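Please arrange chains B, C and D on chain A, whose structure you already have, making use of the hints.
Number of protein chains: 4
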Amino acid sequence: MNTFGQIFRFTSFGESHGVAVGGVIDGCPAGIRIDTGLLAANLRRRACGDEPYTACGASARALREPDRIEWLSGLQNGITLGTPLAFLIRNTDTCSADYDAVRHLYRPGHADYTYQQKYGIRAVDGGGRASARETVARVVAGSLAQQILLRRGIHIAACVTQVGAETEPERIIALLKQVAAEGDSIGGIVQCEVTGLPAGVGEPIFDKLSARLAYAVLSINGCKGFDYGSGFLGVAQRGSELNDAMPFQTNRAGGILGGISNGQPVTFRAVFKPTPSISREQTTVDDNGNPVTLRLHGRHDTCIALRAPAVVESMTAMTILDLLFQMSR
Amino acid sequence: MNTFGQIFRFTSFGESHGVAVGGVIDGCPAGIRIDTGLLAANLRRRACGDEPYTACGASARALREPDRIEWLSGLQNGITLGTPLAFLIRNTDTCSADYDAVRHLYRPGHADYTYQQKYGIRAVDGGGRASARETVARVVAGSLAQQILLRRGIHIAACVTQVGAETEPERIIALLKQVAAEGDSIGGIVQCEVTGLPAGVGEPIFDKLSARLAYAVLSINGCKGFDYGSGFLGVAQRGSELNDAMPFQTNRAGGILGGISNGQPVTFRAVFKPTPSISREQTTVDDNGNPVTLRLHGRHDTCIALRAPAVVESMTAMTILDLLFQMSR
Amino acid sequence: MNTFGQIFRFTSFGESHGVAVGGVIDGCPAGIRIDTGLLAANLRRRACGDEPYTACGASARALREPDRIEWLSGLQNGITLGTPLAFLIRNTDTCSADYDAVRHLYRPGHADYTYQQKYGIRAVDGGGRASARETVARVVAGSLAQQILLRRGIHIAACVTQVGAETEPERIIALLKQVAAEGDSIGGIVQCEVTGLPAGVGEPIFDKLSARLAYAVLSINGCKGFDYGSGFLGVAQRGSELNDAMPFQTNRAGGILGGISNGQPVTFRAVFKPTPSISREQTTVDDNGNPVTLRLHGRHDTCIALRAPAVVESMTAMTILDLLFQMSR
Amino acid sequence: MNTFGQIFRFTSFGESHGVAVGGVIDGCPAGIRIDTGLLAANLRRRACGDEPYTACGASARALREPDRIEWLSGLQNGITLGTPLAFLIRNTDTCSADYDAVRHLYRPGHADYTYQQKYGIRAVDGGGRASARETVARVVAGSLAQQILLRRGIHIAACVTQVGAETEPERIIALLKQVAAEGDSIGGIVQCEVTGLPAGVGEPIFDKLSARLAYAVLSINGCKGFDYGSGFLGVAQRGSELNDAMPFQTNRAGGILGGISNGQPVTFRAVFKPTPSISREQTTVDDNGNPVTLRLHGRHDTCIALRAPAVVESMTAMTILDLLFQMSR
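Residue numbers (my numbering), protein chains in the order written: chain A, 172 to 500; chain B, 172 to 500; chain C, 172 to 500; chain D, 172 to 500.
Extracted from the complex, chain A is given alone in its bound form (with noise of 0.2 Å):
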């Protein structure tokens, strides 16, 4: 249940507060001198979003703690050797005691009371396995499906294109303040575009390329939806609006049609929910039941959809690399 993909496949383990992230990379092809320039590009726009949002975006953990990447196994002088490469990421940003107040209550809006519902037991410190610091593992994998991708000439990109019901940059950092400043958190969009992709990618019926990406983005922590080419939006439009003619000059259908890519570029978005811990007053319960009255400390994101670009092309890479080593045969 911790492993994503069928022949390209990521392993994820790793709690928030413990001794370390990471993964097992396994199906890479041999011979693949690992990009460290992508990967370490990736990682930190993980950890502080993209421009012009990096001030707004990065959560102080990231800026106190630098990803450095432990590889374990699959490598002889930084070529892959065709066997599993796993990794570690050590946690070194870690205070217990930032979690003493909140580890018998239930934080709204995060996973506390799931995991204890279904484990009977639950990490108490950091959200455990809940907590976006999982994604870590995901990035360093993703950016290697991503550097194979683009030596085939498939190229993965995301931006944030909304925060709240904004969409112009300056008006979304006036809006980032203001909801810092009040102690809240926002909402926000990433947009992704997947171009150079050939023709016929995408397994017809359940592994549908627009399925599979759907899975894979809102795998992310925080997604609340995803809709591709003309999406949500759409729904007001007429058939004759959204057929694209044919030999395509528009891209409604956003890069598939029966679940198969036609060529064009895939474009799809995701929609992220503010971030649920916030500074202001909350009413909860704790592990008895009692209501409690709950007051976060520390600084947290507020918007995660700003770190989340380089998270969604990871996803969106291991999908595509995925479905492309399933039907070369």
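Each hint should be verified, as a subset may be incorrect.
Some chain C residues near chain D, calculated using beta-carbon distances under 10 Å [stated by the list, open to error]:
{"no.": "1", "residue": "Tyr284"}
{"no.": "2", "residue": "Val372"}
{"no.": "3", "residue": "Ala382"}
{"no.": "4", "residue": "Asn392"}
Derived by calculation from the structure, the hints in this document are not laboratory data.
Keep in mind the model is a prediction, meaning the values are calculated, not measured.
Where is the CB? At the ideal position from N, CA and C, for every residue including glycine.
Below, chains B, C and D alone, put in the same frame as chain A:
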């Protein structure tokens, strides 16, 4: 690739205008008497849509071709044996001549082009596997899953909540008539609610309940997007507005936190594009890339969303039952 | 659980005395014309065994019931579409009355008891899924895999090399006649050789070629063991005797080193137990645990190994094709 | 491909002479305190073999390099969280210079050649993934599975029953000394028995308990064959001799009928080839295909079967636990 699920597994087969469509259901517990009433009702809903849209929703084929199930295996005196349940539904309404005009060209908005690119060959009549005809097999399997869930107190209900920009039934009906009269088609939204689901269903990280539902729903023909809880509409809201205080009295989360059900109703939406088959003249290309003008004949669905609720429920039922089976150990 | 393979996937269905047995082949490339000659030949081999044992090997049912394949999907003018190939073979020779005497008791050496324990219900006629009847569907799928491999220069051939303690055909035939006359049955060994397989097939660690072949072969009814290369017979030999010097002039490894093919022929053996159905009087219990004396009527196979070579080849072909598809990226 | 199991899943990583070997255990229930005693005992058995063969079985490396487990995730105060359990064991005894002589040639009986053919690159020191060093990670995961099974009353015990042609301990020890003195190696057989397994475990058709066990056991380094119950030795016996009369008083079936456990002890054998590393002079080729004479130095296992029982038990435990988890719904 034509199999859905890990433990409760459904394998689908069949082309729209081939001998039959059907499937194999594997992993169904032994000792269950199939609820033929629920099955027939869902098949009829898939064929004609739900009230009050049945007059607008029924396809010509749906009306002419009753879906008669032939069970091939896995049953003894109507009781499941625990072995694979294979079934088929013959395609009786397959007039090949209907497709003479479109056999050598790519219908806009359809998967003709992408199948041809992927396989170098395609079923030339009726869209083959890409036809919505295939969903009849999903409804058979999904209804069985739904029946098993009902016994556990889990109820799934989907309905059309929007067509075009309209959300009121009488206005929707008026819009549908107008669109049909114009030889055009229109998009729609289906909403689904799962009640009675206990807390703890869904696997953290990749197999989140939300991600698995998105995968299931996006695999339905014509689906362009999925969101749950506050979804896309919540993008402009604050964390202080969207966090559900505990104990739960609101359900902005849509019943899922950290990918795991929290015991509240699970609510999600799916958006469907307008039927790509329209009576209006369109431009496209033929197999040789030559431009052609196309006018499709016959009666087509005005809005595919109308017939989608039974399919959405079926995919949802299979997803949830499979996750329940995966967690029970 | 009734699906075999990862990329080239075969799903089997059907009870021995139900409507039909059949299967769905998923992941078969498009554009292949099915070799009906190879298919018919293999079905006949499965029904009657190979020369010179056909007179001894054919079951009564095999002779009475020709295996006629009905293709349900995935084909257009005899050419594969790349979509799932579904097929069925009707069970015509199913006289339910034959089983009146054994319906409420557990036949020794059969799976009646274990199915009942597992499912709390079982197909009371003819062994249901546990009958060797099910293997007819495997031969359909396996022959298609075999055909694809043949085009790549990979040849699979299995034959009976031992029955009881005998290894010479004329002595085997004499033994079979004697055993049959005594109303008894006898075990046998099938040997299989794969030639033309390039080096590099098989995945290290768990999906070793040897492990996958063992899994495939042990899934055949009545198979009690598998070994390859020097196998069990090499236990008393020294490393200095068994290591193949390089470049390879001997093949004691059986064509596999570290779970990966080395370019030499792959050789393995499978042992089959005597047919559990014998005419001699046996003691058993009925559904209520009461002791009963049982004498099975009808003509039974004297040695199930005789009809196994086509099934062994089929399972081998699916295994190897699937591994080839998994590695091609 | 480096993942074993469907629900209880173990992913293995690490090269023999890389940083570490280790694994990720996914699907382990929450709330289990790891039995460190069982774990340490099994690791020691894997390193040195069982009594009375420990003096003959221990490899030099095993004696020098204690296997110290570092847990990376999935535990809180020694209790499982239900999340992935990642662990590593550092490779401390990795003198690269030992392999200077063999880095550019293919050791007979080893996987050097097949890895090179498959990947075009290989770990040049110590056999990389193909080394038996990898099995240490299996024993960690398998011991956890074994511990869970023990609580359910299921006991797994494997032991060496034959070395060369000898079956008596004192004669085996004498043989081992003689073979070692000759700089040679010898094969062996490990027998395993599973008691306490209820009837009904194993899936009909492809995931037969026997097939899954064969797959598990053949994945162990050096294993050349598997049989259960009467196995290969029963080939010359009659059906009237091998059928177990009911209620069971004999167990010629080896506890499995139709691929499903029947409540009797499950018994199987695995045969292991002689260690391919021998001190005697051998001929082989180098990377360029030139013939070379090779004499391996260092102390090698005389008989790899001696250290196999803990690994056989571990693979058996994971297989059975996974099948139990798959069936519980």
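Provide an ascending list of the numbers of those earlier hints which the structure does not satisfy. none
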